[in-house]
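K.L.:
Sequence:
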Amino acid sequence: MNVKLLEKLLEDVKDGRVKTKDALARLKFLPFEELPFATIDTHRSLRQGFPEVIFGQGKTPLQIKAIAKALLSKKENCLITRLDAAKAASLKKAFPMGAHNKTAKTFFIKSHPVKETGRGYILVISAGTSDVPVAEEAAITAECMGSRVVRLYDVGVAGLHRLLHKKTEITSANVLIVVAGMEGALPSVVAGLVARPVVAVPTSIGYGANLGGLTTLMAMLNSCAAGVSVVNIDNGFGAAYVASLINRE
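Numbering (this note's numbering), first residue to last: 1 to 249.
Just so you know, not all the hints are guaranteed correct.
[Claimed, not checked] Taking lysine to any residue and the SDA-like style, the derived pairs with C-alpha atoms no more than 20 Å apart in a straight line are:
| hint | residue 1 | residue 2 |
| --- | --- | --- |
| 1 | Lys19 | Leu9 |
| 2 | Lys110 | Leu152 |
| 3 | Lys74 | Leu9 |
| 4 | Lys8 | Ser111 |
| 5 | Lys8 | Lys19 |
| 6 | Lys115 | Gly98 |
| 7 | Lys8 | Lys75 |
| 8 | Lys8 | Pro31 |
| 9 | Lys65 | Lys102 |
| 10 | Lys69 | Ala89 |
| 11 | Lys110 | Gln63 |
| 12 | Lys110 | Val53 |
| 13 | Lys69 | Thr103 |
| 14 | Lys166 | Asp154 |
| 15 | Lys74 | Val18 |
| 16 | Lys115 | Arg44 |
| 17 | Lys110 | Thr129 |
| 18 | Lys102 | Thr60 |
| 19 | Lys166 | Gly146 |
| 20 | Lys167 | Ala195 |
| 21 | Lys166 | Leu152 |
| 22 | Lys166 | Ala185 |
| 23 | Lys65 | Arg47 |
| 24 | Lys167 | Tyr153 |
| 25 | Lys74 | Leu46 |
| 26 | Lys92 | Lys110 |
| 27 | Lys75 | Thr39 |
| 28 | Lys93 | Arg44 |
| 29 | Lys19 | Leu35 |
| 30 | Lys59 | Ser90 |
| 31 | Lys69 | Ala86 |
| 32 | Lys69 | Gly58 |
Hints listed in this document are in silico derivations from the structure and should not be mistaken for laboratory results.
Using the sequences provided together with the hints, build the complete structure.
P.N.:
Here it is in structure tokens:
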């Protein structure tokens, strides 16, 4: 249930506009709602400030639609990640008002406008163009959570002057998400320039010895720069969630 709707319901009960039994009926499915294939955490936005997100990979279009409808019925905004083109097309037919980002493989359905709640902005940096899909997943997620996002793409260490050219944007950000593959050096470089948290995202982009992102992950975990935290390989969503919690007022 949306926090503002819950506050209004309690005020309506207090002022006698809604009967207690009617309020209880509305709150019946507050903690969770059971579907045949999913147990939806409808209490999450009250606990964490953002509703449950649907991980599209491995789910059928029918399952995704049903979960989305349940969230929307509670007046929650609905973000779906890891969608292939076929699932996205199916969702667009069911929810024509939804926004599909092909690069990020996300689909966002609004039940109400997103209010900007961040103290500053989150800067999402990608080392290369090949890392942009993961960076876009992070950017879209952060925007859906109410943060202002600035993007800075293809500024990796192979041409460091491209990064330093944006020094104002880098040093002014409240939180930075740095996405990189190959050897994963960029988060260390960025963290050495700023006095803000850096969330590093290793990607699976790279040649054989990159080991599907494992080499990048280990490099980031061994960063010599302070202030770097690392999420899992290709986990732009997780990076954005952490960054948004840090940025939240």
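K.L.:
If a hint holds in the structure, say so; if it does not, say that too.
P.N.:
We went through each hint and held it up to the structure:
Distance hint between Lys19 and Leu9 is fulfilled; the C-alpha atoms sit about 10 Å from each other, no more than 20 Å. Proximity of Lys110 to Leu152 is assessed by CA-CA distance (about 26 Å); at most 20 Å being required, the pair is judged violated. Annotation: proposed proximity of Lys74 to Leu9 holds, straight-line Cα distance about 13 Å (limit 20 Å). Straight-line distance between C-alpha atoms of Lys8 and Ser111 comes to about 17 Å, which keeps the hinted pair within the 20 Å bound.
For the hint linking Lys8 to Lys19, the alpha-carbon distance of about 13 Å falls within 20 Å, and the restraint holds. Note on Lys115 and Gly98: the hinted pairing holds, with a Cα-Cα distance of about 17 Å set against a maximum of 20 Å. With a C-alpha separation of about 13 Å, the suggested pairing of Lys8 with Lys75 holds against the 20 Å cut-off. Of the pairs offered as hints, the one joining Lys8 and Pro31 holds, with about 18 Å between alpha carbons and a cut-off of 20 Å not exceeded.
Restraint check: the Cα-Cα separation between Lys65 and Lys102 comes to about 18 Å, which is no more than 20 Å; the hinted pair holds. As the CA atoms of Lys69 and Ala89 are separated by approximately 16 Å, the hinted pair is consistent with the 20 Å bound. Between the alpha carbons of Lys110 and Gln63 the distance comes to roughly 19 Å, so the proposed pair stays at or under 20 Å and holds. For the hint pairing Lys110 with Val53, the CA-to-CA distance comes to about 13 Å; that is within 20 Å, so the pair holds.
A distance of roughly 24 Å separates the Cα atoms of Lys69 and Thr103; the hinted pair therefore is violated under the 20 Å criterion. This hinted pair checks out: Lys166 and Asp154 have alpha carbons roughly 12 Å apart, not beyond 20 Å. Using a Cα cut-off of 20 Å, the hinted pair Lys74 and Val18 holds, with the two alpha carbons roughly 18 Å apart. Taking the CA atoms of Lys115 and Arg44, the gap is near 18 Å; set against the 20 Å cutoff, the hint holds.
A C-alpha spacing of about 29 Å is found between Lys110 and Thr129, which places the hinted pair above 20 Å, so the restraint is violated. Under the criterion of a C-alpha separation no larger than 20 Å, the hint pairing Lys102 with Thr60 is consistent with the structure, at around 18 Å. For the hint pairing Lys166 with Gly146, the CA-to-CA distance comes to about 24 Å; that exceeds 20 Å, so the pair is violated. For the proposed pair Lys167 and Ala195, the alpha carbon gap of about 13 Å is at most 20 Å, so the pair holds.
A C-alpha spacing of about 8 Å is found between Lys166 and Leu152, which places the hinted pair at or below 20 Å, so the restraint holds. Taking the CA atoms of Lys166 and Ala185, the gap is near 18 Å; set against the 20 Å cutoff, the hint holds. For a cut-off of 20 Å, the pair hint linking Lys65 to Arg47 is broken: about 24 Å separates their Cα positions. The hinted pair formed by Lys167 and Tyr153 meets the criterion: a straight-line CA distance of about 14 Å does not exceed 20 Å.
Only pairs whose Cα atoms come within 20 Å are accepted, and Lys74 paired with Leu46 is accepted, the gap being roughly 12 Å. A C-alpha spacing of about 13 Å is found between Lys92 and Lys110, which places the hinted pair at or below 20 Å, so the restraint holds. Distance hint between Lys75 and Thr39 is fulfilled; the C-alpha atoms sit about 17 Å from each other, no more than 20 Å. A threshold of 20 Å between alpha carbons decides the hint, and for Lys93 with Arg44 the separation of about 27 Å lies outside it, so the pair is violated.
With a C-alpha separation of about 28 Å, the suggested pair Lys19 and Leu35 falls outside the 20 Å cut-off, and the hint is violated. Restraint check: the Cα-Cα separation between Lys59 and Ser90 comes to about 13 Å, which is no more than 20 Å; the hinted pair holds. At most 20 Å may separate the alpha-carbon atoms for a hinted pair to count; Lys69 and Ala86 meet this at roughly 19 Å. Pair hint Lys69 plus Gly58 holds up; C-alpha atoms about 18 Å apart against a cutoff of 20 Å.
Going through the hint list in order, the structure does not satisfy hints 2, 13, 17, 19, 23, 28 and 29.
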